[in-house]
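Number of protein chains: 4
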Amino acid sequence: MSNASKIKVGVVGATGYTGVELLRILVKHPSVTIQAVTSRTEAGLSIATLFPSLRGLFDLKFEDPKTADLTNCDLVFFATPNGTAMQEAPALLKAGVKVIDLAADFRLKDAKIWEKWYKMPHLCADLLKDAVYGLPEINREKIKKASLVANPGCYPTAIQLGFIPLIESGVIDLDDLIADAKSGVSGAGRKAEVNALMAETSDNFKAYNVQGHRHLPEITEGLTNLANQTVHLTFVPHLTPMIRGIHATLYATATKKIDVQAAFEARYKDEPFVDIMPEGSHPETRSVRGSNQCRISIHQPQGSHKIVVLSVIDNLVKGAAGQAVQNMNLMFNFSETSGLDLVPLMP
Amino acid sequence: MSNASKIKVGVVGATGYTGVELLRILVKHPSVTIQAVTSRTEAGLSIATLFPSLRGLFDLKFEDPKTADLTNCDLVFFATPNGTAMQEAPALLKAGVKVIDLAADFRLKDAKIWEKWYKMPHLCADLLKDAVYGLPEINREKIKKASLVANPGCYPTAIQLGFIPLIESGVIDLDDLIADAKSGVSGAGRKAEVNALMAETSDNFKAYNVQGHRHLPEITEGLTNLANQTVHLTFVPHLTPMIRGIHATLYATATKKIDVQAAFEARYKDEPFVDIMPEGSHPETRSVRGSNQCRISIHQPQGSHKIVVLSVIDNLVKGAAGQAVQNMNLMFNFSETSGLDLVPLMP
Amino acid sequence: MSNASKIKVGVVGATGYTGVELLRILVKHPSVTIQAVTSRTEAGLSIATLFPSLRGLFDLKFEDPKTADLTNCDLVFFATPNGTAMQEAPALLKAGVKVIDLAADFRLKDAKIWEKWYKMPHLCADLLKDAVYGLPEINREKIKKASLVANPGCYPTAIQLGFIPLIESGVIDLDDLIADAKSGVSGAGRKAEVNALMAETSDNFKAYNVQGHRHLPEITEGLTNLANQTVHLTFVPHLTPMIRGIHATLYATATKKIDVQAAFEARYKDEPFVDIMPEGSHPETRSVRGSNQCRISIHQPQGSHKIVVLSVIDNLVKGAAGQAVQNMNLMFNFSETSGLDLVPLMP
Amino acid sequence: MSNASKIKVGVVGATGYTGVELLRILVKHPSVTIQAVTSRTEAGLSIATLFPSLRGLFDLKFEDPKTADLTNCDLVFFATPNGTAMQEAPALLKAGVKVIDLAADFRLKDAKIWEKWYKMPHLCADLLKDAVYGLPEINREKIKKASLVANPGCYPTAIQLGFIPLIESGVIDLDDLIADAKSGVSGAGRKAEVNALMAETSDNFKAYNVQGHRHLPEITEGLTNLANQTVHLTFVPHLTPMIRGIHATLYATATKKIDVQAAFEARYKDEPFVDIMPEGSHPETRSVRGSNQCRISIHQPQGSHKIVVLSVIDNLVKGAAGQAVQNMNLMFNFSETSGLDLVPLMP
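Protein chains in written order, with numbering that gives the first Met the number 0: chain A, 0 to 346; chain B, 0 to 346; chain C, 0 to 346; chain D, 0 to 346.
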């Protein structure tokens, strides 16, 4: 593809893990030119100096977000902390630039709920109704026409993909869903915090935020929309001593007897990034490391009425940067898998 | 204490992780002399050669189990694979030697169920009724009088300790218990298996044996005895990339409203090795690393009817060797905490 | 490229880490059709069953090496234990099939030295003189014409690339070279061994084979050829608790004063897979994870006469499968970087 | 021992890893009462809240260093950043309180060199001549009489213990010493830094500070004193993905032929905390995890003139808190091993 026909993209806030992962994928995308990469803290620094893994691939420097010419882009990704995109997206959208926010600013429809969980006022609540929740397996057609896409959280991606076929089939008790989820440490971001030190997190396992994690309202909203009735979810996130990966173990009570394996296979048979494993399998997080795949297995232990769904993703790819590129592909009418033929790194 | 008043103990099969952990604890126990340590495969080898961490502490060599004079011991621990203790325990018991089996041979009361799960004939089913299940928090008085103690499995310890106060209080739906448990890799033992290589298990997370793990009947039997009615448990074990530790996340549905925090604190207030953490806590596995503690927190997320119990142990200590020493202390009328004042190693 | 113009390759022994890494790279290579993948132990099994990371990418099954039609291939890779390729390569070569051995069978020129270190008789010593040592940075032109390439070991790749500019410049004392090298655990292969269990290798660091590692004669032969005189190397390998990566720390004593940074940059300026980092840098193994790059920094601490070279590779890529594909590219006149535009996975 | 006869100790700055490790050891020391534990940042917080591993063992809270009555102690440990002890030690010493500084303030004799490396003015340079460098294997008698002990750094401990017998024997070239050292991540301390995040340091290996690490002048001063002539050391520290442990690989050139194994065994035969392993051994860091042992092996690879010493310690124990307690035992005429009978945790 000639450069002329490529789209120009900007990445705001590329010093975190979702940002650098986005760069890893975009640098090989056949239809993209990376126009600008910004960072408040690292402006002026060569990207390859901060991330030597990109040496030889990137000549760009981080630009100051205030001076970077983002309105000249076709698309801007926000790989920023929560609360940033909502400050800058309105002007970009007005200038005709499409926006994908990898943070949480546009994930919930109700600004009040958002403000309760994110503990700050929402600055452009009027945009929430137009923002499309970027889970292609649910919203593919809407994403194609969207100007503003809210890229789903990592836990919400793994968990919703595991519950969708059960909810759509109407075979489970919606009052009693459980998601016991385990995340690698990159989910906490590239931030200087004692809690995320290797000496604190390695050779250790713990739950956190059991009283309420910010991804809970996001998942509940998604599942409630799908079910067309309120669902009740107990969500317990855990930190596991690995770098990448989410493993969601989902529990639901069957209210009817169906072939769940067949239901999952049918639901996802045309999805390029959801892989239903053979019966009896146990997906491993490393089987999707570095790739945009979600792999799922379904069990009914001892033949009981309890359905156990095991769903794994790479939190930085299908749970963040990869899904953002999948959304970009849809928004610009590229092949949905373009730039995403990433073979998992194993071992 | 003079040597004369110490008991003489033997350890059969001390080349695995529970065996060497038993040696680590016993070598400092004030009332114990280690008389014989046996191994089929390493007979003749100095223990400190196989385990350099014990250099300077152990002069003993592994003895051939066929020639070791175990009947001269007061107590013999079996740290062997399943199926070994049942071959040798009857003769020892007949000779007046007490026995603690750290494997599964005497954990179930019903030999048929045992044979179904362990896939071998049971050789001394008549002993099952006399064997005492060595969970002191339930069976303390029976253990004191026992000659044969079945030391509980690691998952069953963490899970039962988390469910006991709920079941005894009669406040949960016994038809719908879930135990989502995560184990470090030492739980798989010191065996040459591709699945347990570091290149296979590190930076990875997976469930396993979801269709049925051998600890399921053990936990179910224990909880059913306690409840005096059949309980239904969904048990999903996972492998997490750390060496030691089990984190059990338990889910139960409250049928009555009680102060669960107070119930747990009351139940365990005199237990030396069960620590109920303050409300809102999240116990970490490393907070018990190397020690015989079980730490537990209880949550009702978002004030719902779902009770979430977080229970952590060191699988090699409270889940194996430490609990075995606790049982020994009870059987020989030593202080229950003798030799078990192990401060967790952190970080 | 149409299938007609692709070469047909076979992979013998693809159940180990170098084998599966080769498949990961070859499956995306534009000029290659994978014709046959063999395994003695897994014949009949679908490759994607053993390696779920390849689900959706591979339809092939492992074939029995006895019945697989390898003579129909243009090229056969041996990703087998030492001693296998030498049994099967002669017949393939005679049939006009090119061979790249990722094991050690053809790495040394002197069969007697080989037999001393590998403790078995060499079965085709006459082929040793024709085999080309596949380090493109030294032997590029010979590799292009070779029928039989001995792919270098992982340590020898990292170490030789770090010493080459110093030896070629004639500025160091050849009697006093030291290579203190650290390898991730995948270097030990996918073999059931207690020593490689995660519970044995994680949270641990040790040297091994200090008295003599099999890669010593390989490195010494390479450096001696280059120097045209005998060099003396002290080589100490260590095991470090990570999956992939080699970090070689090399020590040499300068006999003349030159600008070593400039010498390294000049030597490798046209090499696609050797990256000389800026002065003062410290290359990290993760900066090459999953890629075919070698990154090198050079220091003279405190301005002393001691030169310290830091050289990192991914042992499974530039240290094995990636370098094998680089050699294939040269042997078949493909672009040297074809199929090797692998962006390192970070974090 | 009755409380009356115990000494009263204070710990300043106990929120870091050396501080909490000191508490782990002191809490079981038979001759010590912990009087006060201070922290600027955590004053008022219960110690067991910050470190749940100490629940049930500690009732104390962190006190504000300004108000804590440290002059009432017999001994104060400083587990603070560099530059703190030198502010507070003079007043304590004047009040008759003995001081052990676990940081670097009193490790060098020459204040100018200290100021160059630590980049701040030294506030009590006059105390440097009285401070005793707390390496018992060299300075035991001086430590017994000292009021102010400078506890050695972690690298300096592992490296000096490995070089001492060679230097004292006069059999190596003192112009050409190399220490290639690898440290676990706890060596970087409990500080909020991006570089020490698990996502940055896990599954990764790198050298750092090759141009000059602060421990270099400390080691050089120690070895120079010992040799009674200037020694030249090349010191390359590396970060390895484990929590605890240092592995120093030392290289020296023999100038005479002696039995190095015998020399090491003779030098350390009465040392309670230095273990010379049998010939051909490779000490592992985990063999000393949690203990005050240093284990050493000596090799002459291929019978060459190059001597390779492998020396391992737990950086938080023999490299910090354990050695500090060993020094305390000497200063107060307790048994040198009192409170230090710590069995390594394996696996």
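Calculated directly from the structure, the hints in this document are not laboratory data.
Be aware that one or more of the hints could be misleading.
Copies of the same chain look alike in the list, so a pair counts if it works inside one copy or between any two.
[As the list claims (entries may be wrong)] Quick list of in silico lysine to aspartate or glutamate cross-link-like pairs, DMTMM-like style, CA-CA up to 25 Å:
(1) K7 <-> D174
(2) K7 <-> D58
(3) K268 <-> D73
(4) K118 <-> E167
(5) K190 <-> D174
(6) K144 <-> E278
(7) K65 <-> D174
(8) K60 <-> E41
(9) K7 <-> E220
(10) K60 <-> D274
So, going through the hints one by one against the coordinates:
no.	hint	in the structure
1	K7 <-> D174	neither (46 Å within a copy, 56 Å between copies)
2	K7 <-> D58	within (16 Å within a copy, 37 Å between copies)
3	K268 <-> D73	neither (32 Å within a copy, 36 Å between copies)
4	K118 <-> E167	neither (33 Å within a copy, 40 Å between copies)
5	K190 <-> D174	neither (37 Å within a copy, 43 Å between copies)
6	K144 <-> E278	neither (37 Å within a copy, 48 Å between copies)
7	K65 <-> D174	neither (48 Å within a copy, 55 Å between copies)
8	K60 <-> E41	within (9 Å within a copy, 40 Å between copies)
9	K7 <-> E220	neither (33 Å within a copy, 51 Å between copies)
10	K60 <-> D274	between (38 Å within a copy, 19 Å between copies)
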